[in-house]
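The listed protein sequences correspond, in order, to chains A, B and C. With our numbering as the guide, the letters of the first sequence map in order to residues 38 to 274. With our numbering as the guide, the letters of the second sequence map in order to residues 562 to 883. With our numbering as the guide, the letters of the third sequence map in order to residues 2 to 294.
In short, the hints are calculated from the structure, not lab data.
Partial list, computed: chain B residues near chain C (C-beta under 7 angstroms):
1. LEU678
2. SER688
3. VAL697
4. VAL869
No residue lacks a Cβ here, since even glycine has one placed at the ideal position from N, Cα and C.
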Amino acid sequence: MSVLLKAEQVGKRFGGFVALQEVDLELRAGERLGLIGPNGSGKSTFVNCISGDFAQHDGKVTLAGQPIDGLKPHMRARRGLARTFQLPQPFNSLSVLENVRVPLLFAGAAGESTRRAMECLEQVELAGKSQKLPRELTQVEQRRLELARAISLRPQLLIADEAMAGLSNAEVDQIIALLLRLNEAGTAVIMIEHIMRAVTAFAERLIVFVAGRKIADGLPREVLALQEVEDAYLGKQ
Amino acid sequence: MSASALPALPASDATRHLPFWLGAFGVAAAVFLALKLIGNEYGYYAGYFILQYVVLASAWNILGGYAGYVNFGAAGFMAAGAYTAIVVRKAFGLDLIPGILCAAAFAGLLGLGTGYLTLRLKGVYFSIATLCLAVVLQTLVVNWDYVGGSRGAYIIRPMTMPGFSSYGEYIFTVMLVLAVIAVGVGRTVEHSRLGRGLQAIRDNERAAEAVGVPTLRLKLIATTLCGALMGVAGAPLPYYSGYLNPEAAFSLSYAVNAIAMPLIGGAGTWLGPVIGAVLLGSLQQAATVTISSALNLWIVGWILVIFVAIAPRGILGWFGKR
Amino acid sequence: MEFDLNLLLNGIVSGLLLGGLYAAAAAGLAVSFGMLDIVNIAHPALMVAAAFLVVVVGTALGLDPLLTALLLAPVFYLVGTGIYTVYNYFFERRGDEALQGLAFFFGVMFIIEVGLVMAFGPEQRFLDPDWGFVTWRIGEIDLPLRMLVPALFALAAIGLLYLFLHKTFTGLAIAAVAQDAEALRLMAIDPVKIKRLAFGISVALACIAGGALIVVQPVEPSSGQIFIGRVFAICIMGGMASLSGAIMAAFLFGVVENVTATFAGPSWAPAVAFGWLLLVLTFRPQGLFGRAA
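This is chain A alone, in the form it adopts within the complex (with noise of 0.2 angstroms):
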C-alpha cells in the first residue's frame, strides 16, 4: 500500500511552550490509526498541523505524495483530507442537508450536491431528518451529521478527533461501526480517543503521544503493553 500521509519532524511551539516536538508518522492508504495520549501530549496540535489550523510548524506534512505545507485548510479538503471537530461544529443556521451540501456546493459538484449528500446522510443514518436544523439532533445524531460532512468529498484521509466523546457505550459502538464501514470504502482513518475500547476495537496501529512526542508505534496490543505507555497514562513521569 501507498504512503498517504507522511509528517516528518513535525513540532509546534507557542512562545516559549513547545506543544510538539520532531514527530515522524507515515500512513498509508487506507490505514486504520489511532492516536492516543494523556491530555496535553499534543494530539490536537498535531492534528490542527496537518489539516491546516496551524498554518505554521516545524517539519513537513506530505499528502499523497504532494506536499501541503501553507495551504489553507480548505484546499487541503480539496485534496482529500477531512476532519472532525472534539466539539461537533455543525452549521447551525442551516438544515442537515444543507450542511452536507456546503462542502459538495465548493467541489464542482453544485448539480449532484442534493443526491450525494442524501446518500452521505443514509451512510450515518440521518436520511430521515434531513430538514431538521443541527439544534435539533442529538448528541450522537451531530456527531454523525459532522461524519456525513466530512465525507461527503469521498475523502483519502478523515481525522477523527474524538469523535465519541460523552457517548454511551451503544452510541460509542454505533461511531465505531461508522467508521469502520467508511474505512472499508477506501478512506484512511486517524483516530483519536481517551476511550480505550474504541481505540483497541478499531485501530490496525497505534500511536502514543507523550509531552508533545511520538514515544510508541506499533501494533495495539504490544504498544499498549508497554512500561512507557502505561507510566504516561498513571502519571509515573
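Keeping the supplied structure of chain A fixed, place chains B and C upon it in accordance with the hints.
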C-alpha cells in the same frame, strides 16, 4: 433507511428567479405610476430618500446578514460614491449613469482593500477598520479643494430630462431601478452557493474552511459587493440636491440606518432590509416635519439598541423565518 | 525645507505629552477589549461625554477640571456596570457577541453622540483650569502645563490601575477571568461580577481621560469618532491586554501623530491613526509590545 423512504427533496437546486424579477419590476412600476398620479414633487424626494436606504440596507445585509461581518462605515462608502460622481463630472464631464458605474468600481475597491487587510484576523478588526475608514475619507475630502473641501461642491443639474416630467422624477426613477437591482443582487447572492458559503462562514468559519469553503475569497467578494452597492447608493446624491458637502455626505444618519434597517427588518434574508428601510425610512420622513433631525436620529439609535437586544432576528424573525 | 531641529524636538515632546492623554484613553480599552474581549466601540464616546459633564459640573461648582473628573469617576463606574449588565444579559449569555453585540455598542455610541448634540449643540466646549496658561521651559523645550499636568494625571491613574490589577485579589481575578472563567467559578467567584467590576473600571478610566482631554483641547460631540481609530490602534499595538504595552504604544503614537501634524498640518491626524492601525493589523497584529492578541 431505504431510498424509497427519502423525503421530498427541497427545491433548493432550482430557485425560481423569474417570478421575483417580474414581481419586483411590477412593484416598481406601480410605485412609479402612483407617484406620477399624485404629481407632487415632494413624493419623488421622499421616495428617493427611502429607496436610497433600500439600497444601503440591502448592501449592508450581504456582508452583515449573510456573512456576519459588521460594516460600520456605510457613511464612508456612500460618500465615496457621491464624491466619485462629483469628481468624474468635474474631471471628465461624465453624467449620472457613468458616475454610478465609477462609484461602484471605486467603492468596491475600497471594500476589497479594507477586507484584504483585515479579514484574515477576527471579524471585529474589519468592523473597526470600517469605522476608521469613514473618518479618514472624511478627512481627505475636507482637505481636498478640488471637491470643495468643507465648503462643498455644486453640480449643475439640467432643469428637465427628456421622457420625464421633471428632473426629480428622473432621479427618482434611477434610484428606483438601483433599488430593484440591489435587492435582486441580495436575493441572487442568498440563493447562490456564495450565499450558502457566507452563511456557513457566519455559522462556523473554522468548520467551513475545513470542509473546503474558500472562506477568505468569499468574504472578499462580499466586502467588495457591499462596498460597491453602498457607493452606488451614494452616487446620485449630488445630483439629487445639486449640492453636496462632507457633513451631508458622511451623515451619521447613513451609518446608523445602514445597520438598523436590516437588523430591524430581519438580517439574513433579502426581504428584511427592504422592510426595515421602508418602515424606518417612512417613519423618519414623517418625523422630520415634527421633530428635530437630531432627535429623529437619536430615536433610531434607541430603536436599534432595543431591537438588537429583544428581537435579534428582526421583524421577519418574529414571523418564524430562520 | 529647512529642517528645524527645535521644532522637531518640541514636536516630539508635545507628542509624548499627548501620548499620556492617549494612554489614559486607551487604558480603559485595554481592560474591556484586551482583557474582557468586549468590543466597546462606545468607549471614546463615553470619554467625550465625560468631558462635557466635566465642563458642566466644573463650571457650575467652580472646580478644577481634573478634580471634577475624579469626582465623576464613580458615576461613570456605575454607568459602566450598568452597560455591562445589559450587554451580558442580552448578548454575552446568548453567545450573540459577534453581530448583535457590536451593533449594540454602536447603538450606545450613537445614542451618546447624538444625545450630546441635542443637549449641548454641535459646537466645541472647553474648560480652562487656573494653571492652564503656564508654560515651563527647559532649555529649548516648552512644557505647557496644559498638556503636562493631564498627562501626569493620566499616568498616575494608570499606575493605580496597574497596582490594582497586580497586587489586589480582585485585580488578579480580573486578569484570571480573561484566561479561564471556569476556574474562577470553581473558586466560588462569579465571573460575571468580576467582569462587571472590570468594565465599570474601564468606563471610569474613560471619565478620567475625558477630564484630561478637556484641559488639553476643546471638545465637540463628534470628537469621539477620531478617537476610535486612535484608541483601538494603540490598544492593538500595545498587545491588547498589556497596560505597559498600551502606554508605550500611546507615547509612540502621540509622537508620530504630533510630528506629522507639525510638519504636514493638523488636519491629517485621523489619517495617521488609521494608517497606523492598518499597518499594525497587516504586519503585526499581535502588537508591537506586550503579549499576543
